[in-house]
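Visitor: All letters in the sequence shown, in the order written, are residues 3 to 103 by the working numbering.
It should be emphasised that the hints constitute simulated quantities derived from the structure, not laboratory data. Since we're looking at a predicted model, the values are computed, not measured. Glycine included, every Cβ here is placed at the ideal spot set by N, Cα and C. Among the hints, erroneous ones may be present.
[What the hints assert, rightly or not] Okay, the calculated beta carbon distance ranges per label pair:
{"no.": "1", "residue 1": "His64", "residue 2": "Gly41", "range": "31 to 37 Å"}
{"no.": "2", "residue 1": "Ala100", "residue 2": "Asn4", "range": "57 to 63 Å"}
{"no.": "3", "residue 1": "Asn6", "residue 2": "Gly41", "range": "46 to 52 Å"}
{"no.": "4", "residue 1": "Gly37", "residue 2": "Phe62", "range": "27 to 33 Å"}
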Amino acid sequence: MNDNGYRDDLRSYLTGFILALVLTLVPFALVVWGGLAWGTIMAILGGFALVQMVVHLRYFLHIDLSRQKREDLQLILFSVLLLALMAVGTIWIMGNLATRM
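Required output: the full structure, derived from the provided sequences and hints.
Guide: Structure representation (structure tokens):
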């Protein structure tokens, strides 16, 4: 068993876990304690959500910008695009139907 590889993987997973935990607890605390305007809290939540997605891609899925992993990243982004188009299209159609009723 390769001890250095195991330690590097463990360090990577622990770093990702700690970052994900912080990126979850800080927005939760902002919502619970309030004190900021609603729009500001939503902007902060959106920013933290984007950063957390990057942390998950990097530390848990091991997706980076290297040549070998670029195809995996493109596949994930294409899947997200398709899901977003389906969700937005469904909401658009349902909203249009609701206005016609």
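Visitor: With reference to the structure, classify each hint as holding or not holding.
Guide: Each hint tested on the structure:
1. His64 with Gly41: 31 to 37 Å: holds, 36 Å
2. Ala100 with Asn4: 57 to 63 Å: The hinted range 57 to 63 Å holds for Ala100 and Asn4, with Cβ atoms some 59 Å apart.
3. Asn6 with Gly41: 46 to 52 Å: For Asn6 and Gly41 the Cβ distance comes to about 48 Å; the hint holds.
4. Gly37 with Phe62: 27 to 33 Å: holds, 32 Å
The structure fails none of the hints (numbered hints given earlier).
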